Amino acid sequence: MKNYQTIILSNQEIAPGYWRMRILAPGFAAVAHPGQFVMLRPEQPLPTMLRRPFGIFRTGCLPPECSGLPPREYMELLYKVVGQGTRIMSELHAGDRVELLGPLGRGFAVGDNACAKLLVGGGIGLVPLFMLAEALIAAGHRVRLLMGGRTRDDILAVTEFERLGVETYVSTDDGSLGEEGLVTNVLERKLDEAPCAEVFACGPMPMLAAVERICSARNVPLQVSLEAHMACGVGACLGCVVKGAGHSDQRPNYLCTCKEGPVFAAGQLDWGRAAASGEGCAEGGCRQ
Amino acid sequence: MKNYQTIILSNQEIAPGYWRMRILAPGFAAVAHPGQFVMLRPEQPLPTMLRRPFGIFRTGCLPPECSGLPPREYMELLYKVVGQGTRIMSELHAGDRVELLGPLGRGFAVGDNACAKLLVGGGIGLVPLFMLAEALIAAGHRVRLLMGGRTRDDILAVTEFERLGVETYVSTDDGSLGEEGLVTNVLERKLDEAPCAEVFACGPMPMLAAVERICSARNVPLQVSLEAHMACGVGACLGCVVKGAGHSDQRPNYLCTCKEGPVFAAGQLDWGRAAASGEGCAEGGCRQ
Amino acid sequence: MNAKRPNLSVDVAGIRLRNPVMPASGTFGYGEEYAPFVDLNRLGAIVTKGLSLNPKAGNPMPRIAETTSGMLNAIGLQNVGIDAFVAKKCPYYREVATPVFANFFGNTLEEYGEVARRLCDVPEVTALELNISCPNVKQGGIVFGTDPKAAAEVVSLVRKANAKPLIVKLSPNVTDITVIARAVEEAGADAISCINTLTGMAVDIRSRRPKIANRTGGLSGPAIRPVAVRMVHQVVQAVKVPVIGIGGIMTAADALEFLIVGARAVQVGTANFIDPAAMLAIIDGIEAFLAEEGLDDINQLIGSLQV
Amino acid sequence: MNAKRPNLSVDVAGIRLRNPVMPASGTFGYGEEYAPFVDLNRLGAIVTKGLSLNPKAGNPMPRIAETTSGMLNAIGLQNVGIDAFVAKKCPYYREVATPVFANFFGNTLEEYGEVARRLCDVPEVTALELNISCPNVKQGGIVFGTDPKAAAEVVSLVRKANAKPLIVKLSPNVTDITVIARAVEEAGADAISCINTLTGMAVDIRSRRPKIANRTGGLSGPAIRPVAVRMVHQVVQAVKVPVIGIGGIMTAADALEFLIVGARAVQVGTANFIDPAAMLAIIDGIEAFLAEEGLDDINQLIGSLQV
Ligand SMILES: Cc1cc2nc3c(=O)[nH]c(=O)nc-3n(C[C@H](O)[C@H](O)[C@H](O)COP(=O)(O)OP(=O)(O)OC[C@H]3O[C@@H](n4cnc5c(N)ncnc54)[C@H](O)[C@@H]3O)c2cc1C
Ligand SMILES: Cc1cc2nc3c(=O)[nH]c(=O)nc-3n(C[C@H](O)[C@H](O)[C@H](O)COP(=O)(O)OP(=O)(O)OC[C@H]3O[C@@H](n4cnc5c(N)ncnc54)[C@H](O)[C@@H]3O)c2cc1C
Ligand SMILES: Cc1cc2nc3c(=O)[nH]c(=O)nc-3n(C[C@H](O)[C@H](O)[C@H](O)COP(=O)(O)O)c2cc1C
Ligand SMILES: Cc1cc2nc3c(=O)[nH]c(=O)nc-3n(C[C@H](O)[C@H](O)[C@H](O)COP(=O)(O)O)c2cc1C
Ligand code: FES
Ligand code: FES
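Chains as they are written, first to last, in our numbering: chain A, 1 to 288; chain B, 1001 to 1288; chain H, 2001 to 2307; chain C, 3001 to 3307.
Just so you know, the hints here were simulated from the structure itself, not pulled from any lab data.
Treat the hints with care, as some may be off.
SDA-like mimics (lysine to any residue), calculated; alpha carbons at most 20 Å apart, straight line [said to hold, decoys possible]: (1) Lys3056/C - Pro204/A; (2) Lys1080/B - Glu1091/B; (3) Lys3056/C - Gly235/A; (4) Lys2056/H - Gln1250/B; (5) Lys3056/C - Gly3076/C; (6) Lys2088/H - Glu1260/B; (7) Lys2149/H - Thr3175/C; (8) Lys3056/C - Asp174/A; (9) Lys1002/B - Lys2056/H; (10) Lys1002/B - Leu2280/H.
Facing chain H, according to a computed beta carbon distance under 10 Å, are these residues of chain C, among others [to be verified]: (11) Glu3033; (12) Val3086; (13) Thr3108; (14) Leu3109; (15) Glu3110; (16) Gly3113; (17) Thr3178; (18) Gly3200; (19) Leu3219; (20) Val3232; (21) Gln3234; (22) Ala3238; (23) Val3239; (24) Ala3253; (25) Ile3260.
All of these numbers come straight from a predicted model, not from anything done at the bench.
Quick reminder that beta carbons are idealized off the backbone N, C-alpha and C, glycines included.
Construct the complete structure from the given sequences, taking the supplied hints into account.
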């Protein structure tokens, strides 16, 4: 975990409203785990000021150039323009300065469970699954990606997963790409076909809640990556809490999304309430 | 007076800390008078928000291009980086969008007085004198520019005045360019040589106060261009007032720098107090 | 898409406004200053700068300073005085088909009363906006608007002096704004506008001097918006009369926050300096929002906060 | 240039600090969270998040929202409780050579007293920072810090319960902060810190819901700085005890504004989120400013406002 004052190497729109930003980050790859995130801020006078949290899509290295430029390690974000902060990000160019805090939080736990790995991504929730897929493939696992989105525009980077050797299954709400319907339908079918599975999911809260119901009904291990509004990203402000399992007002069990997450084993969380709340993330607070 | 939503054509550092910005402004030249100003704001999310006032240095027109680009009318600023707003301006590039309100205020009155015209500029105070020189030369007057600055870096655009046919006399506090000493010494000498003169001055308040003493002692007509912190630029906020002649708490005589100025005949202002205050501009309020 | 344009008109203090957007006092001159940029006939109302019995000189320079997303001003309520206003500024309003709200203040109860009286027979003025954020010089400088009794007293006096619709503008520099709001409602206010500026200060670190000559000044602009939205929310729940929301409104989205918490109309202040046509963009933006949300009347949006 | 480095150390409530810069409560965790970015031994002090007698759950989500140049938070004073603090967090402070100020609060007088008592025999805690911006549940939820009598009462109780240096942190949501400041000084405060957050609100216009679940939250960040500087200026003139300035400090220049109006030290809050090393940059910036201005002691700058 480090505060990089660094530059953008490239920033490109890859689908309507979705951008990919490559940021120079020496030494980052060696310490980044799948599922971790960063807090980012353009280094310029801005009316918005808080850093924004983004998953780490991947890390990589540019080879040395004929011009004599040495190899350059980078990390990559995939982001969706949703508000002022991400809009400003989309207007940045190669060479513009950014401040990058990370890698932060607890990522996916990759255990020795030999069952098939099912990665479930909803829209931009795909982001943390790429490095996870890399790690699982490297460890010799069979990896499938179930990718859902509203329309074909929300289905991202699938060919990159395929290049890793991941089997991909795409579904869209409007049927404009892949199967028509919810990604959770695909998940149910896959689990019915092959119940020895482990599931890793990231996406909007209603999707995660459905995934949790499906997995807990079948006793399939599940890890989810959550989102929450964050100020510090390091466990200091307690702004990003979610309710943990067994939470009650009398016996609060709060978990910090930034520090104890963003990835949680499903059993750590209070699904009843989270599902009922319909928020973009499970609700709650920081366990001390 | 119009609110242009337009673009920058160029923005270049012409001396350490001094920049020249050319802004596309169709129709501007036809209505701009020497001594008027604009209120400028980069059209991007910013932590600073108020527009900044700048004198109009000159207007011009780019000829049509082989590429087919039609002739483009522009206006030009000369500005000094002094704080956050001007620093942000200096980081803008050709093509960046700006909002430009103007031309604003009352400029120099060019009467039929046949005496020699002495233009006295201190540092960036030179700006409004260029269009004045153009107008005076066009009207057949003999025009001299007495230009003062702290060091050679503060002496700007003198050759451009010379190209108009203006005789220029440079002085610097440290003698690094031209005569060593204050521009007011040069003014005294010139007035002693040829007392039939009319003086137009813009620069820091202590300089203007000295110019006023020199001119009033000799009964030489003087117009000065003042600076004041401005919010609206159009006479609505009353933030930019200066004390007019005969002002007292009982019988206030306030003048709006933005609307009744920025150029005033010396006799309109309350010099006693202004000089004593040592502020960057005469002090006061808006006459109604 | 809705073919019919949504209704934007609202009723404030018995006055029908064509839309809920008007300038905040002191940021739009007497209206005329902005006529080159804004068709005054498109506004919900025109609000004049603060008027007093006698012409007022205002504070020494510098009077304004920018702060982060805000500005401080200490204009000192400089104005032409009520008689010059009536004689020289009012005739212009005859050419404009928009209601005019005359904002005014006094340094004593008597002054407040007298200004109100002199506005009785001025047909160009539709309503009064009473600014109670002024020190009561007779009572040791305590601000009328920070004490519920003093506030009520000045409101009932003005209420008696002039029968025009009466809007009372509250100061945010108080522990509990609902106490003041209830006091002025009981004393006869037909509407409440809030907030005026928060008292603030900024220092030039090189000269060690306050950035404005008066030392402290009123903080306005987007910086104060969350405080303003909170206070409007509180006041809307505390009183029955309509509330006009003010504070840091730069965009239609900002104005909508106030309307959603229950403001019947909004005033736009500092934004006029940044973009002279800000109010027009805000009106258009509100209309577009209603259309997007499938609402055909702005009154469906007002007070629609889900809690 | 001055070859000798200027003196930055100041005395607050009888404690010598190596420099006047410390975190604001609740924005720096217990200190440990920021150790990867900030050498805690470079700070003037460490201020803990607010502690209460029993562990406190805090408010529902969402708890934070960004506003223009500010943020709203309604964490709800979630904390581990005083006993867990002493048992689990304090040992870490033994490795740090920086005074620790324990910020705490209660919902009743008794709770305030009891927390203070339990901090008596905790050598790792150098001083107490008493947060009186909390509702008094027994007295109908009126905030201790908005009523001079209630404020004085809680301060004298704590004063008796614990002999450590006592800093009292004031709420800005009051009509006249000097009244509260004088009351807590008389009741035995050794220093005053101000300001806590301004109460604010923001609304999501699409969902029509408040942006934070608790509806209102505390506004912090550069937006509030002018209000904070004004209040510190007022309090410095009203009391004799040292004042710690807080509110929207992002840079050394911002901190210097507070010192110039008379704050003996400053706390940095929201800035820590934006730049984890903000306090170090501020300390370095203050030192550089003193050198540029030819001052060899920060105490020459404190209170140097020219009016
Ligand atoms: C651990 C984590 C990983 C994330 N990874 C990605 C990613 O890889 N790609 C991507 O596009 N987005 C990701 N997000 C969501 C991303 O942080 C938000 O879309 C972004 O902060 C929105 O900022 P804005 O200024 O454009 O939107 P605004 O709505 O204007 O933001 C206002 C405030 O709300 C916060 N906010 C708004 N939406 C969210 C959200 N969904 N989650 C958290 N805070 C939010 C912002 O940070 C800001 O403080 C992630 C969020 C978290 C918590
Ligand atoms: C009529 C007029 C014409 C001007 N013409 C020019 C010009 O041609 N070239 C040029 O370089 N400068 C000119 N100035 C000065 C210029 O407006 C300021 O230098 C500029 O506003 C500083 O902004 P800043 O954000 O960089 O500085 P900051 O000091 O950070 O600004 C803070 C605030 O103070 C105001 N301010 C600071 N200095 C001045 C000043 N000297 N006059 C007015 N407001 C000030 C700013 O507008 C802003 O609101 C003119 C000013 C006036 C009133
Ligand atoms: C320069 C200036 C002058 C003002 N003059 C007055 C006034 O005369 N009377 C009044 O009631 N409010 C006055 N105000 C307060 C505004 O009407 C408004 O309440 C405040 O600025 C908050 O709104 P804003 O954030 O949109 O600017 C003034 C504000 C500014 C910035
Ligand atoms: C997330 C957050 C949590 C806070 N928690 C506390 C707290 O527990 N106790 C307290 O006295 N102040 C608390 N505060 C207030 C700060 O200490 C400080 O007074 C305020 O944020 C203003 O300073 P700033 O603008 O530098 O952030 C908190 C502020 C924030 C932003
Ligand atoms: S974001 Fe601050 S604790 Fe998680
Ligand atoms: S700048 Fe507003 S009146 Fe001159």
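Comparing the hints with the structure gives:
A C-alpha spacing of about 29 Å is found between Lys3056/C and Pro204/A, which places the hinted pair above 20 Å, so the restraint is violated. Between Lys1080/B and Glu1091/B, the direct Cα distance comes to roughly 13 Å. Compliance with the 20 Å bound is thereby established for this hinted pair. The straight-line distance between the Cα atoms of Lys3056/C and Gly235/A is roughly 16 Å, inside the 20 Å bound, and the hint therefore holds. Between Lys2056/H and Gln1250/B the CA atoms are separated by roughly 9 Å; this keeps the pair inside 20 Å, and the hint holds.
Distance restraint check for Lys3056/C and Gly3076/C: the Cα-Cα separation of roughly 8 Å lies within the 20 Å cut-off, and the hinted pair is therefore satisfied. A threshold of 20 Å between alpha carbons decides the hint, and for Lys2088/H with Glu1260/B the separation of about 18 Å falls inside it, so the pair holds. With a C-alpha separation of about 15 Å, the suggested pairing of Lys2149/H with Thr3175/C holds against the 20 Å cut-off. A distance of roughly 46 Å separates the Cα atoms of Lys3056/C and Asp174/A; the hinted pair therefore is violated under the 20 Å criterion.
Restraint check for Lys1002/B and Lys2056/H: the C-alpha separation of about 31 Å exceeds 20 Å, so the hint is violated. Proposed proximity of Lys1002/B and Leu2280/H is supported: the alpha carbons are some 15 Å apart, at most 20 Å. With its C-beta approaching chain H no nearer than about 26 Å, Glu3033/C sits outside the 10 Å limit, and its interface hint is violated. A distance limit of 10 Å between C-beta atoms decides the matter here; for Val3086/C the minimum to chain H is near 35 Å, and the interface restraint is violated.
Nearest Cβ of chain H to the Cβ of Thr3108/C: about 21 Å, over the 10 Å cut. The hint is violated. Of the supplied interface hints, the one on Leu3109/C is violated, with its beta-carbon coming no nearer than about 20 Å to a beta-carbon of chain H, more than 10 Å. Using the Cβ-Cβ criterion of 10 Å, the hint placing Glu3110/C at the interface with chain H is not satisfied: the shortest such distance is roughly 25 Å. Using the Cβ-Cβ criterion of 10 Å, the hint placing Gly3113/C at the interface with chain H is not satisfied: the shortest such distance is roughly 25 Å.
The closest approach between the C-beta of Thr3178/C and any C-beta of chain H is roughly 12 Å, which is over the 10 Å cut-off, so the hint fails. Hint status for Gly3200/C: holds, given a least beta-carbon distance of 3 Å to chain H, under 10 Å. Nearest Cβ of chain H to the Cβ of Leu3219/C: about 5 Å, under the 10 Å cut. The hint holds. Annotation: interface hint on Val3232/C holds; nearest CB of chain H at approximately 9 Å, less than 10 Å.
Restraint check, Gln3234/C versus chain H: the minimum CB separation of about 9 Å is within 10 Å; hint holds. Interface restraint check for Ala3238/C: the shortest CB-CB distance to chain H comes to about 14 Å, outside 10 Å, so the restraint is violated. Taken as an interface hint, Val3239/C does not check out: its beta carbon lies about 17 Å from the nearest beta carbon of chain H, beyond 10 Å. A hinted interface residue such as Ala3253/C counts as satisfied when its beta carbon comes closer than 10 Å to some beta carbon of chain H; here the least separation is about 6 Å, so the hint holds.
Because the closest C-beta pair between Ile3260/C and chain H is about 5 Å apart, less than 10 Å, the hint holds.
Checked against the numbered hints above, the structure violates hints 1, 8, 9, 11, 12, 13, 14, 15, 16, 17, 22, 23; every other hint is satisfied.
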